[in-house]
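A.B. asks: Quick mapping for you: the protein sequence lines, in order, are chains A and B.
So the first sequence is numbered by our numbering: it starts at 188 and just counts up by one.
So the second sequence is numbered by our numbering: it starts at 3 and just counts up by one.
What the hints contain is simulated information worked out from the structure, not anything from laboratory work.
Note that CB positions come from ideal geometry on N, CA and C, so glycine has one too.
Be aware that a few hints might be false.
As the list claims (entries may be wrong) - In silico lysine-lysine, DSS-like type, Cα no more than 25 Å apart, as pairs:
(1) B:K114 x B:K24
(2) A:K244 x B:K107
(3) A:K188 x B:K60
(4) B:K114 x B:K79
(5) A:K244 x B:K60
(6) B:K51 x A:K188
(7) B:K71 x B:K24
(8) B:K71 x B:K60
Claimed, not checked - These stretches of chain A come out as covered by chain B in the derived footprint (C-beta under 8 Å, 3 or more residues):
(9) 229 to 239
(10) 290 to 296
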Amino acid sequence: KAGVTQTPRYLIKTRGQQVTLSCSPISGHRSVSWYQQTPGQGLQFLFEYFSETQRNKGNFPGRFSGRQFSNSRSEMNVSTLELGDSALYLCASSLWMEGNSPLHFGNGTRLTVT
Amino acid sequence: AQSVAQPEDQVNVAEGNPLTVKCTYSVSGNPYLFWYVQYPNRGLQFLLKYITGDNLVKGSYGFEAEFNKSQTSFHLKKPSALVSDSALYFCAVRGGSQGNLIFGKGTKLSVKP
Chain A
188 KAGVTQTPRY LIKTRGQQVT LSCSPISGHR SVSWYQQTPG QGLQFLFEYF
238 SETQRNKGNF PGRFSGRQFS NSRSEMNVST LELGDSALYL CASSLWMEGN
288 SPLHFGNGTR LTVT
Chain B
3 AQSVAQPEDQ VNVAEGNPLT VKCTYSVSGN PYLFWYVQYP NRGLQFLLKY
53 ITGDNLVKGS YGFEAEFNKS QTSFHLKKPS ALVSDSALYF CAVRGGSQGN
103 LIFGKGTKLS VKP
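Same shape as in the complex, but just chain A (with noise of 0.2 Å):
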């Protein structure tokens, strides 16, 4: 069974630009989680879908913002970027929202911002 696949790995971007990175979930998970991760801050959350659906949201600006399709595939965009969103942005997918259902999360896409 394939993984979960993120598309670009590598972007480079200027401030002010905005971009959008792919993730394509295991086949038959339909959640989808993105996180934020650089050196300083660890690990954060962005937002968790379900069903097409946002259920959970971390403390990011408006200008984080992302879906997900019927296939469950899902997108982030970010806006107006800024140097700090440079990160590596990862995402995670698992079979169901319940808490039990461990994350699988894929290789990221390391964004620069210049």
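Please arrange chain B on chain A, whose structure you already have, making use of the hints.
C.D. replies: Quick look at chain B alone, frame taken from chain A:
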């Protein structure tokens, strides 16, 4: 609010020796606890979880973790470390069945031959 603490930024162990990576948590309600490992330029890989039942949980690659409710701890252990275990280890907690997963800052494990 739920939180996870990994008090050690780095743990150094000689190959063949036992290892422990510490984790304490704070949640309201029953905790769902997880350990993940991350290798360079990769995503996180699930190692093991505690939901309920036996306090000693066994996971992948010979790792195990001990849940201690009174000390609110969930330490990761392995009887005999391998050089290939060198990686970044994350403890995570979910408070209740619907909350999002909160991660600790991570502990870098270095196993020397």
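A.B. asks: Give a verdict on every hint.
C.D. replies: Results for each hint:
1. B:K114 x B:K24: Within the cut-off at roughly 19 Å; holds.
2. A:K244 x B:K107: Holds, because 20 Å separates the two Cα atoms, which is no more than 25 Å.
3. A:K188 x B:K60: holds, 24 Å
4. B:K114 x B:K79: Since the Cα atoms of K114 (chain B) and K79 (chain B) sit roughly 17 Å apart, the hinted pair holds (cutoff 25 Å).
5. A:K244 x B:K60: Violated. K244 (chain A) to K60 (chain B) sits at ~31 Å, over the 25 Å cutoff.
6. B:K51 x A:K188: It holds: about 22 Å lies between the C-alpha atoms, which stays within 25 Å.
7. B:K71 x B:K24: Holds, at roughly 14 Å.
8. B:K71 x B:K60: holds, 17 Å
9. 229 to 239: holds (count 4)
10. 290 to 296: With 6 residues close enough to chain B, the hint holds.
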